[in-house]
Amino acid sequence: MNIQRISALVKMELKKIIREPAYLFMMILFPLVLTLSFGLGFATMPSAVPEKTQFEFMVPGLFSYACIFIIMSVAQAFSDDREQGLLKRINVTPTTSGEFMGSNLITYTLLSVLQVAIVAISAFLMGFQALGEAPGLILAFLFVMILSLCSVGLGLITATIAKSAEAATGISFIFILPQMFFGTFIPITETTRPIAMFLPSYYVTDAITMIFNGVPLTEINIWFDFTVVLIISVVIVVVGIGLFKRYGKV
Amino acid sequence: MLAKMKKNRAKDGPEDVYDPEHGKAIIIKNLVKKFEDVTAVNDLSFEVKEGQIFGLLGPNGAGKTTTINMMIGLLKPTSGDVYVGGYNVKKSLKSIKKFIGVCPQHAAIFKFLTGRENIELFGNLHAMDKKEIKQKVDELLEAVTFTEASKRKAKGYSGGMLRQINLLMALVNNPYIVFLDEPTVGMDPRARRKTWEFIGSLKEQNKTVILTTHYIEEAEALSDTVAIIDYGELIAMGSPKELMERYEAKNLEKVFMKITGRRIMEGV
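Residue numbers (the numbering used here), protein chains in the order written: chain A, 3 to 252; chain B, 997 to 1264.
Mixed in with the good hints, there may be bad ones.
[Unchecked claim] Below, in silico cross-link-like pairs of lysine-lysine (PhoX-like), each with a Cα-Cα straight-line distance of 20 Å or less: (1) B:K1090 - A:K17; (2) B:K1087 - A:K17; (3) B:K1151 - A:K13; (4) B:K1147 - A:K90; (5) A:K18 - B:K1090; (6) B:K1127 - A:K18; (7) B:K1107 - A:K13; (8) A:K13 - B:K1127; (9) B:K1151 - A:K17; (10) B:K1107 - A:K90.
[As the list claims (entries may be wrong)] Okay, the calculated beta carbon distance ranges per label pair: (11) B:A1245 - A:F27: 39 to 45 Å; (12) A:I5 - B:K1199: 34 to 40 Å; (13) B:E1241 - A:S99: 45 to 51 Å; (14) A:F175 - B:S1041: 23 to 29 Å; (15) B:K1237 - A:L16: 29 to 35 Å; (16) B:K1087 - A:K247: 16 to 22 Å.
[As the list claims (entries may be wrong)] Just a sample of chain A residues kept apart from chain B, beta carbon distances all over 10 Å, derived: (17) A10; (18) E22; (19) I92; (20) M103; (21) M128; (22) L139; (23) F175; (24) P189; (25) V230.
What the hints contain is simulated information worked out from the structure, not anything from laboratory work.
For clarity, every value in this text was computed on a predicted model and none was experimentally measured.
All C-beta atoms in this analysis are idealised placements derived from N, C-alpha and C, irrespective of residue type, glycine included.
Work the whole structure out from these sequences, hints included.
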């Protein structure tokens, strides 16, 4: 692993986000607009939990929701770079696939954490109050980081299947929609729970909900969620990298 | 760990690995590439001497880019061997990547970066020293009078300007062997002439250049040796002068038309 290469690739990806208005909107404005919209729409609406408003009930789900949209960004970015011959060009330099994939994992995890930070700050500004202490917030962000890694993996699987950046956008919804409906801010019923249990965002939302409800961090269910989401994410990242390297037509 | 990585890098530059075999920068032996039932390259064999500009000519779909892609490891040959700088591409691609520069047919450039940033990025991907990158980028940009324009984002560049940056990106690591796949397509005649001069100057630096081109006058003006391929087969090879004498033609274009035209007439 060469740090100079990884850092150059991370800087290049970050410049893309900063300099391209469409990416900048997706990364910065989207989570802000999302939280503000939900905050304004549901701040006074009662939820199924008596002491909480509907907005407060939804915030942990919004954390996961912001993460899963990284799938689309990764799929678009890889498909676009492939179409323009940039992946081939990088492939004929001494850059290893580990360095290249590593730089992308770092970049998109960073961006995902930034998005969730925007969601968190705007939610807190709109009156959301989390129970528990600072370590709980750190653990919540750790869950977010793992889900982001998983999203990068799913983005790579999408880019492998898609023939163009446009197709990648559409195909990414195969992975985004189920996670959105069964693992974020939409209440899970007994009918939808069996589906949700196959989705990483379900475990992240479940754990963050417990953390923000002030459940002790030693609670076994939080660490069960952590273990499940970690295993799913590692498997998806490994499969994503493997598939993209083998069939991604770099 | 960092110290170990830095130490490895110091021993790992292009000069530490480049090792041509008896003055031959590239050796191709019985190279075949099949895409399902289409044979794109058919039993191709030739050698490229060190420090030469080697022109690879052929009509559209002749197999030029496929051959180059096998030389740089982007495509795996169906059979046969390619040796670049003394290394077998199948076994030692990692070493080869340290001393080659590749300018692809289509300008592969990050449009949101400036021209300078694009070249610098590839210097970093070759793990060059920061000072060395700056010095080399300045030198390259000056050589093609691109210094001022290089501060702008590549998004606003004309087709010709993109081709120029595309070429410079291939040279930032000071490669021993440079692969130029149609480097002047889309350039106006003035920029093309300037690029020819620039490519000619690479020979003075003792670099080996593999040049594919549609412009026969480009191959004639620049190449020490020309290989004409058609339907993936080598059909003629020699210096432009030798080929003109052999085929009793006034220029390389006539040679090209004679050989490839005859093959079309004969239905090969």
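The hints, checked one at a time:
no.: 1; hint: B:K1090 - A:K17; in the structure: violated (28 Å)
no.: 2; hint: B:K1087 - A:K17; in the structure: violated (36 Å)
no.: 3; hint: B:K1151 - A:K13; in the structure: holds (18 Å)
no.: 4; hint: B:K1147 - A:K90; in the structure: violated (25 Å)
no.: 5; hint: A:K18 - B:K1090; in the structure: violated (28 Å)
no.: 6; hint: B:K1127 - A:K18; in the structure: violated (25 Å)
no.: 7; hint: B:K1107 - A:K13; in the structure: holds (15 Å)
no.: 8; hint: A:K13 - B:K1127; in the structure: holds (18 Å)
no.: 9; hint: B:K1151 - A:K17; in the structure: holds (14 Å)
no.: 10; hint: B:K1107 - A:K90; in the structure: holds (16 Å)
no.: 11; hint: B:A1245 - A:F27: 39 to 45 Å; in the structure: violated (60 Å)
no.: 12; hint: A:I5 - B:K1199: 34 to 40 Å; in the structure: holds (36 Å)
no.: 13; hint: B:E1241 - A:S99: 45 to 51 Å; in the structure: holds (49 Å)
no.: 14; hint: A:F175 - B:S1041: 23 to 29 Å; in the structure: violated (51 Å)
no.: 15; hint: B:K1237 - A:L16: 29 to 35 Å; in the structure: violated (53 Å)
no.: 16; hint: B:K1087 - A:K247: 16 to 22 Å; in the structure: holds (19 Å)
no.: 17; hint: A10; in the structure: violated (3 Å)
no.: 18; hint: E22; in the structure: violated (6 Å)
no.: 19; hint: I92; in the structure: violated (7 Å)
no.: 20; hint: M103; in the structure: holds (14 Å)
no.: 21; hint: M128; in the structure: holds (33 Å)
no.: 22; hint: L139; in the structure: holds (31 Å)
no.: 23; hint: F175; in the structure: holds (26 Å)
no.: 24; hint: P189; in the structure: holds (41 Å)
no.: 25; hint: V230; in the structure: holds (33 Å)
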